[in-house]
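Residue numbers (my numbering), protein chains in the order written: chain H, 1 to 345; chain F, 1 to 352.
Since the hints were derived computationally from the structure, they do not count as laboratory data. Glycine included, every Cβ here is placed at the ideal spot set by N, Cα and C. Don't take every hint at face value.
Computed Cβ-Cβ distance ranges for the label pairs, DEER-style [as the list claims (entries may be wrong)]:
1. 109/F <-> 135/H: 20 to 30 Å
2. 168/F <-> 16/H: 53 to 63 Å
3. 204/F <-> 16/H: 30 to 40 Å
4. 23/H <-> 242/F: 53 to 63 Å
5. 139/H <-> 175/F: 23 to 33 Å
Dumping the calculated DSS-like pairs for lysine-lysine here, alpha-carbon to alpha-carbon at most 27 Å [to be verified]:
6. 137/F <-> 218/F
7. 349/F <-> 109/H
8. 133/H <-> 340/H
9. 3/H <-> 166/H
10. 3/H <-> 349/F
11. 164/F <-> 130/H
12. 133/H <-> 137/F
13. 319/F <-> 109/H
14. 109/H <-> 286/H
15. 316/H <-> 167/H
16. 341/F <-> 3/H
17. 316/H <-> 286/H
18. 64/H <-> 164/F
One side only, chain F facing chain H, incomplete, derived with CB under 7 Å [as the list claims (entries may be wrong)]:
19. 11
20. 12
21. 13
22. 20
23. 57
24. 163
25. 169
26. 193
27. 271
28. 273
29. 274
30. 311
31. 315
32. 319
What follows is each chain in one-letter form.
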Amino acid sequence: MRKLLAVLGALLLVHVALLLVRPAGAAVAPTAKRVRIGIVFDLGGRGDKSFNDGAYLGGERARKELGANVTFIEPGDGSDREPGLRLLAAEGNDLVIGVGFIFTDDLNKLAAEYPNTKFGGVDYAVGSDKDGKVIPPPANLAALKFREEEGSFLVGAIAALSGGSKKLGFIGGMDSPLIRKFEAGYTAGVKHVCPDCEVIAQYAGVTPVAFRNPSRGKELALAQYQGGVKVIFHASGSTGLGVFEAARTMDALAIGVDADQFREAPGHVLTSMVKGIDASVFDAIKRVQSGSFQGGVIGFGLAEDGVGYVYDANNKALISDAVRARVEALKREIIAGTIKVPSTT
Amino acid sequence: MSDRAVRWDEALLPPAMALAIALVVGDVLILAFGQSPGHVFGILLEGTWGNAYGFGQTLYKATTLVCTGLAVAIPLRAGLFNIGAESQLAAGGFAAGVAGIVLPAGMPWPLAALVCLVAAAIGGGLVGAVPGALKAKFGASEVIVTIMLNFVVLAFLNWIVAAKLHVPDSLHTAEIAAGGIPRFADFTLAFRGSAANLTLLVALTLAAACWWFLFRTKGGYELRAVGLQPEAAENGGIPLGRTWFRAMLIGGALAGVGGINYVLGYKHYYEEGFGSGTGYMGIAVALVGRNHPAGIVLSALLFATLSQGGLAVNAIVPKQMMEVLQAVVILAVAVSAPEVKRVLRASAKTNA
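Given only the sequences and the hints, what does the whole structure look like? Please build it.
Structure (structure tokens):
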């Protein structure tokens, strides 16, 4: 007994001694002048190479370029989302951002509870009432929404112009209005430059698991390639890794989504439809700093550089100058409003 | 135990040791991140026991953990390892949510909540009964069946919510019409914003009931006898199959009731993946609580503190650090329990 208590005492002594250690560069209380930002990630957390990492990049950029004081929180499970937002709001941050549509309800609630704090929701789901009228987000909440259909339109045009087949493929993750937006824009882009082309659109499933099912992605992609498709655009999270795998196996082409996915299958990635989550987060922070922050729906499309396609040294060889010029012209037309891109199928 | 004096030193020293080891490991980890341990542990304590909101959140998290901890402990007392609390919890929450949607809106809350609670117990109990029945009838390993059932049940709930019951652009069902359980914040403003609710009392009542059942009833005695010496118990006339089935049924129902904490007490709807990890954490809670209801309440509080505290310090140290700390507590208890026993017994002998 005495021996055990001695061990216990020794451990506690070490603990108390260590408590007093204070390494150089440890966190200190934030200085008052800087703009203070809090960002709560979705459950996937850092390292997903898309959504959360995009928000992280935006926050880091604001830290470097604007001198913002940025705090990140990674929730452990679903019931940590709201407490995470609340923690940041209660700490007196100027802007609190929730990354992902799943934060919508929690953001609405907290925006009402903390009217003097500004909130931002990446991919915030704008609700509508019984008559289908849009319910605007609260005045201190900016819904950062992307017009994915515009970027998808351009990659659709590239696929039809450089794919070498009248059959084009689309593979979505979970069948949902968000992913239907990608399909609608892609199909419209294909048909715009090639009216007699055909788009084969398939979805990996109806549940969130469909966003992380690479084997299903590969299965669907192989079937499409064998059916005469030469290019597949995927909007399916990590399910798309299977699509790239199939593209390698069949020596065909695939189009990435959200970020530049060239590295997943070098030589087989025609382009990627990139979504500028980082830019949208940075933009929101900048607005808070300059005092021009406004609530409501903030759209990010081609005009705002919120969406776009990849054209660089890696995929130059796959896209001819003529195609590039045509797509750039289409981009200008969409920005000017002469081409209206549908957002529903 | 009723038949011999409780060895308090044997019961309390292992968790105390484990905690001390975890604190030192935590210090070293925090230093490795270039932060000051005093500062980080200060924020952790302030964010959990230092203010009413944080304390409420800690109680909220402890509530579910008490239920899943008991759900593991009762079968473990009968010699069965219930790894299925994860899906039993989800099934209970789902059943409570559906019951709450179906009930008429004007129903008084205590009555409606009771109906939802029973639904949750049935939902979780059904999921627990399947491995119990398979074990009793065919001797199928409950470990494998509960693990596999986790996949089946979670995938099924996932599908039915995503494909049939969800509100558009969300992963949750519609709000319940009746059965919402009042939050502490409804009684005292201090708890404002925290999710802690009266389900805590339900969980504590269940812990007391489990203690009574285990140590004061014939059924509980049979259950423990089967867990300690199955052959001897069978020779003594205790039917093994029936006891196993009963233990798993009770375990499943306990986990299921844990689901009302989120569904009735917090969000008022069933949401896909609402308690992910809480079921598995129940194994750790039961282990550290030494399968005793009182120990489970205390260890649930400890793990809830680490979880909520992890959120509070997340801005300066990664959340994985708290996960490492939880693992250290579990490992240290697993190692120190037999070791403490050995040292105590040895010193008792030399003193005698």
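Against the structure, the hints:
Separated by about 28 Å at the C-beta atoms, residue 109/F and residue 135/H satisfy the suggested range of 20 to 30 Å. A C-beta distance of roughly 54 Å is found between residue 168/F and residue 16/H, which places it inside the suggested range of 53 to 63 Å. Between residue 204/F and residue 16/H the CB atoms are about 33 Å apart, so this pair conforms to the stated range of 30 to 40 Å. Taken as a hint, the range 53 to 63 Å holds for the pair residue 23/H and residue 242/F, whose Cβ atoms sit roughly 60 Å apart.
Between residue 139/H and residue 175/F the beta carbons are some 24 Å apart, a value that agrees with the proposed interval 23 to 33 Å. Proposed proximity of residue 137/F and residue 218/F is supported: the alpha carbons are some 23 Å apart, at most 27 Å. With a C-alpha separation of about 63 Å, the suggested pairing of residue 349/F with residue 109/H is violated against the 27 Å cut-off. For the proposed pair residue 133/H and residue 340/H, the alpha carbon gap of about 22 Å is at most 27 Å, so the pair holds.
The straight-line distance between the Cα atoms of residue 3/H and residue 166/H is roughly 81 Å, outside the 27 Å bound, and the hint therefore fails. The straight-line distance between the Cα atoms of residue 3/H and residue 349/F is roughly 15 Å, inside the 27 Å bound, and the hint therefore holds. Restraint check for residue 164/F and residue 130/H: satisfied, since their Cα atoms lie roughly 19 Å apart, inside the 27 Å limit. With a C-alpha separation of about 57 Å, the suggested pairing of residue 133/H with residue 137/F is violated against the 27 Å cut-off.
Distance check on the hinted pair: residue 319/F and residue 109/H sit about 25 Å apart at the alpha-carbon level, within 27 Å; holds. The hinted pair formed by residue 109/H and residue 286/H meets the criterion: a straight-line CA distance of about 24 Å does not exceed 27 Å. At most 27 Å may separate the alpha-carbon atoms for a hinted pair to count; residue 316/H and residue 167/H meet this at roughly 23 Å. For the suggested pair residue 341/F and residue 3/H, the alpha carbons sit about 13 Å apart, so the restraint of at most 27 Å is met.
Distance restraint check for residue 316/H and residue 286/H: the Cα-Cα separation of roughly 33 Å exceeds the 27 Å cut-off, and the hinted pair is therefore not satisfied. Note on residue 64/H and residue 164/F: the hinted pairing is violated, with a Cα-Cα distance of about 46 Å set against a maximum of 27 Å. The closest approach between the C-beta of residue 11/F and any C-beta of chain H is roughly 13 Å, which is over the 7 Å cut-off, so the hint fails. Annotation: interface hint on residue 12/F violated; nearest CB of chain H at approximately 11 Å, more than 7 Å.
Below 7 Å, beta-carbon pairs count as interface contacts, and residue 13/F has one with chain H at about 6 Å; its hint therefore holds. Interface hint at residue 20/F: satisfied, since its Cβ lies 4 Å from the closest Cβ of chain H, which is below the 7 Å cut-off. Against a cut-off of 7 Å between C-beta atoms, the interface hint on residue 57/F holds, since the closest Cβ of chain H lies about 6 Å away. Because the smallest distance between the Cβ of residue 163/F and any Cβ of chain H comes to about 5 Å, under 7 Å, the interface hint for this residue holds.
Interface restraint check for residue 169/F: the shortest CB-CB distance to chain H comes to about 4 Å, inside 7 Å, so the restraint holds. The beta carbon of residue 193/F comes within 6 Å of a beta carbon in chain H, closer than 7 Å, and the hint placing it at the interface holds. A least Cβ separation of about 6 Å between residue 271/F and chain H falls short of the 7 Å threshold, and the interface hint therefore holds. Because the closest C-beta pair between residue 273/F and chain H is about 5 Å apart, less than 7 Å, the hint holds.
Hint status for residue 274/F: holds, given a least beta-carbon distance of 5 Å to chain H, under 7 Å. For residue 311/F, the interface hint holds, since its Cβ comes within 7 Å of a Cβ in chain H; the closest pair sits about 6 Å apart. Given hint, residue 315/F at the interface with chain H, holds; its Cβ is 4 Å from that chain's nearest Cβ, closer than 7 Å. The restraint placing residue 319/F at the interface with chain H holds, with a minimum CB-CB distance near 5 Å, inside the 7 Å limit.
Violation of the numbered hints given earlier is confined to hints 7, 9, 12, 17, 18, 19, 20; the remaining hints are satisfied by the structure.
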